[in-house]
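Chains A and B are the protein sequences, given in the same order. Just so we're aligned: the first sequence equals residues 1 to 414 in the working numbering. Just so we're aligned: the second sequence equals residues 1 to 414 in the working numbering.
It should be emphasised that the hints constitute simulated quantities derived from the structure, not laboratory data. Please note: incorrect hints may appear among the correct ones.
Given that identical chains are not distinguished, each listed pair holds provided it fits within a single copy or across any two copies.
[Said to hold, decoys possible] The list that follows gives simulated cross-link-like pairs (lysine-lysine, PhoX-like), each with its CA atoms no further than 25 Å apart:
(1) Lys-106 to Lys-156
(2) Lys-414 to Lys-274
(3) Lys-220 to Lys-176
(4) Lys-17 to Lys-414
(5) Lys-106 to Lys-274
(6) Lys-106 to Lys-220
(7) Lys-140 to Lys-242
(8) Lys-381 to Lys-245
(9) Lys-368 to Lys-245
(10) Lys-220 to Lys-94
Protein chains: 2
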Amino acid sequence: MSELITNLTQEQLQEVKRQLAIYAQGVQEIIPTEELEQKIARSVLENRPLKIKLGLDPSAPDVHLGHTVVLNKMRQFQENGHIIQLIIGDFTGKIGDPTGKSVARKQLTDEEVKHNAKTYFEQFAKVIDMDKVELHYNSKWLSQLNFEDVIQLAGKITVARLLERDDFEERIAFNKPISLHEFFYPLMQGYDSVMLECDIELGGTDQHFNILMGRHFQEKYGKEKQVALLMPLLEGLDGVEKMSKSKKNYIGIDESPQEMYGKAMSIPDELMSKYFELVTDFTPDEVKTITEDLNVGILHPRDAKMLLAKTIVRMYHGADAAEKAENHFITVFQKGTMPDEIPVIKWTGQDQVSIPDLIVELDLLTSKSEVRRMISNNGIKLNGEKVEDPQLQVSITNGLIVQVGKRKFIKIQK
Amino acid sequence: MSELITNLTQEQLQEVKRQLAIYAQGVQEIIPTEELEQKIARSVLENRPLKIKLGLDPSAPDVHLGHTVVLNKMRQFQENGHIIQLIIGDFTGKIGDPTGKSVARKQLTDEEVKHNAKTYFEQFAKVIDMDKVELHYNSKWLSQLNFEDVIQLAGKITVARLLERDDFEERIAFNKPISLHEFFYPLMQGYDSVMLECDIELGGTDQHFNILMGRHFQEKYGKEKQVALLMPLLEGLDGVEKMSKSKKNYIGIDESPQEMYGKAMSIPDELMSKYFELVTDFTPDEVKTITEDLNVGILHPRDAKMLLAKTIVRMYHGADAAEKAENHFITVFQKGTMPDEIPVIKWTGQDQVSIPDLIVELDLLTSKSEVRRMISNNGIKLNGEKVEDPQLQVSITNGLIVQVGKRKFIKIQK
Numbered sequence: 001m002s003e004l005i006t007n008l009t010q011e012q013l014q015e016v017k018r019q020l021a022i023y024a025q026g027v028q029e030i031i032p033t034e035e036l037e038q039k040i041a042r043s044v045l046e047n048r049p050l051k052i053k054l055g056l057d058p059s060a061p062d063v064h065l066g067h068t069v070v071l072n073k074m075r076q077f078q079e080n081g082h083i084i085q086l087i088i089g090d091f092t093g094k095i096g097d098p099t100g101k102s103v104a105r106k107q108l109t110d111e112e113v114k115h116n117a118k119t120y121f122e123q124f125a126k127v128i129d130m131d132k133v134e135l136h137y138n139s140k141w142l143s144q145l146n147f148e149d150v151i152q153l154a155g156k157i158t159v160a161r162l163l164e165r166d167d168f169e170e171r172i173a174f175n176k177p178i179s180l181h182e183f184f185y186p187l188m189q190g191y192d193s194v195m196l197e198c199d200i201e202l203g204g205t206d207q208h209f210n211i212l213m214g215r216h217f218q219e220k221y222g223k224e225k226q227v228a229l230l231m232p233l234l235e236g237l238d239g240v241e242k243m244s245k246s247k248k249n250y251i252g253i254d255e256s257p258q259e260m261y262g263k264a265m266s267i268p269d270e271l272m273s274k275y276f277e278l279v280t281d282f283t284p285d286e287v288k289t290i291t292e293d294l295n296v297g298i299l300h301p302r303d304a305k306m307l308l309a310k311t312i313v314r315m316y317h318g319a320d321a322a323e324k325a326e327n328h329f330i331t332v333f334q335k336g337t338m339p340d341e342i343p344v345i346k347w348t349g350q351d352q353v354s355i356p357d358l359i360v361e362l363d364l365l366t367s368k369s370e371v372r373r374m375i376s377n378n379g380i381k382l383n384g385e386k387v388e389d390p391q392l393q394v395s396i397t398n399g400l401i402v403q404v405g406k407r408k409f410i411k412i413q414k
Numbered sequence: 001m002s003e004l005i006t007n008l009t010q011e012q013l014q015e016v017k018r019q020l021a022i023y024a025q026g027v028q029e030i031i032p033t034e035e036l037e038q039k040i041a042r043s044v045l046e047n048r049p050l051k052i053k054l055g056l057d058p059s060a061p062d063v064h065l066g067h068t069v070v071l072n073k074m075r076q077f078q079e080n081g082h083i084i085q086l087i088i089g090d091f092t093g094k095i096g097d098p099t100g101k102s103v104a105r106k107q108l109t110d111e112e113v114k115h116n117a118k119t120y121f122e123q124f125a126k127v128i129d130m131d132k133v134e135l136h137y138n139s140k141w142l143s144q145l146n147f148e149d150v151i152q153l154a155g156k157i158t159v160a161r162l163l164e165r166d167d168f169e170e171r172i173a174f175n176k177p178i179s180l181h182e183f184f185y186p187l188m189q190g191y192d193s194v195m196l197e198c199d200i201e202l203g204g205t206d207q208h209f210n211i212l213m214g215r216h217f218q219e220k221y222g223k224e225k226q227v228a229l230l231m232p233l234l235e236g237l238d239g240v241e242k243m244s245k246s247k248k249n250y251i252g253i254d255e256s257p258q259e260m261y262g263k264a265m266s267i268p269d270e271l272m273s274k275y276f277e278l279v280t281d282f283t284p285d286e287v288k289t290i291t292e293d294l295n296v297g298i299l300h301p302r303d304a305k306m307l308l309a310k311t312i313v314r315m316y317h318g319a320d321a322a323e324k325a326e327n328h329f330i331t332v333f334q335k336g337t338m339p340d341e342i343p344v345i346k347w348t349g350q351d352q353v354s355i356p357d358l359i360v361e362l363d364l365l366t367s368k369s370e371v372r373r374m375i376s377n378n379g380i381k382l383n384g385e386k387v388e389d390p391q392l393q394v395s396i397t398n399g400l401i402v403q404v405g406k407r408k409f410i411k412i413q414k
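Looking at chain A on its own, in the form it has when it is part of the complex (with noise of 0.2 Å):
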């Protein structure tokens, strides 16, 4: 046991348990978990806040559930008295890719960064205190730096530790090649917190590399090491591939609530004990309670699903909006003749497609005419609403469900 716990009374030791417990919770991975110990002990007993870092990256402002899981984790620090600070990589978003390859690296001026930092604030409001958080740019300090800091900078680290990263690694056993800018950002990444002296960074798995360039970088520069908080990886609506935005498998915190509760509809079964832990505000012994009663079959995959529907739309929502959603969900699929089990197809067509295309596609029916005819008789819905244009233009979604007549169902899976 170190000096610093030693010295905690009873009621202080408790205190730094009762934290430890929070933070770890759900948490994929602590490096290490003794240093958080110490930082919390040290916290609670001078009463000195935690300086807890969440890099963002101000290119792709659209905030979905995936960011949630962090962002729940920086709430729990922030209401125990620990201060956040958000960190807006303008620094690398205003340079862009100087090999202009990169599309996702394309160069943003000062208005576009500023407009997307206010998108992320916007969003990030629905989850934590924004009045609280510290807010960075990290231009302010990597845009001083000369050639001479750079080669400092660079001296502290070696090829072959930034050849350890997996991409990198990967990429040079293919032959593929790396510009050596590339190099340099897990070196920003890691100087932020130098600069700002961090004690936690929090990210997903997949920052683990970059999160550990801090704990690098702080020792070099003579620093406190921060500790890394690695969160899992939440898989998107296809149940397979990390939610996101390009891959269409995301629930945004800003959808509208029937959107947002008809989409958690559709994330599958297994992992609905994993979205209870991630992305709602249960404690750890409710979710538990629920994931017991799911495994003994006391509770209904589909009633689970509607909580956790319920849920997500209450917290971006409130409580009167999930409600709303609730019951018109209940209304157009349940009430409605709808069978428990619709067969799945895989759309591998355009995005947007006629309406006689699309069920001509689906072999509903075999030909545009019939498709017109029972347009007009009302006997065509999509997600439960009657279509009456017949040269409507549809947008195909995942999980949209087609109806053909009282009895052929087919769900979209994109």
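Add chain B to chain A, keeping to what the hints say.
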């Protein structure tokens, strides 16, 4: 044949060929020859001088014959009206080695850089016309680069390309660390060529990679590419290692005529032609004649070496001093009883040793009292000079000739 070449008059074409022949003399590699021809052709056509770059490391300003291989080539360009750009790499020198591990890269002050540069120039003045030289300190532009500029520069090269450099490749293979800042030295050298729009960069073959960086970055920054002109490395007096101060196998161009002459006489026979070609001002035809005469036995190796020694002294101290150095050598070594073949002993003892210890150690006499007696009889000589002090501390140098009595000689190899 290129357009440029076909635009030349017959006379101009002859001039291009004449210059090309001179510049190609003694060169190890030209990358690529066609571009060199093009540049000379344009220079002749437009009566516009070429810019010939030579980069200098300000940390080690002692100039020896090894350096003159490149300097002599510079002089040929200068004699044909082209402009020499000397670049003092003071930016690198001022940074030192940020890891603090390399003694060679210790941080230099402004005063040290200036002093070392001045030392270079005084010595260079013996080979090239320093009044016509363009002087540049690369800190002028490199110190102006900010982090964003560095990222742009780094974005123009891949990690794989840098790892191709022999010493990097080797260190990776043997798991020896490469600090990231080391990648920037070749980048800086390349960027210097961008800034100065060099037409040709000169260097030893050990500069192959770094000089090609100039071509690489000039192209990336939309400039015309420089030609790499690589000179062979000159082996030192030991006949094995590259001539260098640290190997103590060099002839400094600031050494006294006698020292210079004596050291030149210790050059191994098999290197004579190379020395004639690379460090004298003899024409290719003259070098060819000497080599042929040596091969067929018309010219005795000792006489050839005396010609070489005298020529080297003449180049750095003038004809009179060369004459005197030769006479001194003849008086001391040849008119004496010194045999043609002297046994060589490899010295593994200390750098400095008393004369009695030396003589006994070499088994020339058996006791120190014998040594003292022999000294009082004027019977011991070092490099032909009588030893008078029986306590003399002798600095052991390579090639030192120790003589006891009339017939015992030993040449020390170190």
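ask   = For the identical chains here, do Lys-414 and Lys-274 meet the 25 Å Cα criterion within one copy, between copies, both, or neither?
value = Answer is within: at 22 Å inside a copy they meet the 25 Å cutoff, but 74 Å across does not.
inquiry  = My question is about Lys-368 and Lys-245: at a cut-off of 25 Å on alpha-carbon distance, are they close within one copy, between copies, both, or neither?
reply    = Cα proximity of Lys-368 and Lys-245: none, with 34 Å in one copy and 90 Å across.
query = Is the C-alpha distance from Lys-106 to Lys-156 at most 25 Å within one copy, between copies, in both cases, or in neither?
reply = between (29 Å within a copy, 16 Å between copies)
key: Alpha-carbon proximity context of Lys-106 and Lys-274, limit 25 Å   = Neither way: Lys-106 and Lys-274 sit 34 Å apart in one copy and 55 Å across, limit 25 Å.
request  = Could you place Lys-220 and Lys-176 in one of the four classes (within, between, both, neither) given a Cα distance threshold of 25 Å?
outcome  = So Lys-220 and Lys-176 pass the 25 Å test across copies only (20 Å; inside, 31 Å).
ask   = When no copy is named, should Lys-106 and Lys-220 be tagged within, between, both, or neither for a Cα gap of at most 25 Å?
value = The answer is between: 19 Å across copies meets 25 Å, while 32 Å in one copy does not.
ask   = Using 25 Å as the alpha-carbon threshold, which applies to Lys-220 and Lys-94: within, between, both, or neither?
value = between (27 Å within a copy, 21 Å between copies)
message = Treating 25 Å as the Cα threshold, decide for Lys-140 and Lys-242: within, between, both or neither.
response = For Lys-140 and Lys-242, neither the intra-copy (32 Å) nor the inter-copy (49 Å) Cα distance is at most 25 Å.
message = Checking an output row: Lys-17 and Lys-414, CA cutoff 25 Å. Within, between, both or neither?
response = Classified as neither; 45 Å inside a copy, 69 Å across copies.
task = Classify it for me, Lys-381 with Lys-245: is the Cα-Cα distance of at most 25 Å met within a copy, between copies, both or neither?
result = Close neither inside one copy (27 Å) nor across copies (89 Å); limit 25 Å.
In terms of the numbered hints stated before, the structure departs from hints 4, 5, 7, 8, 9, listed from lowest to highest.
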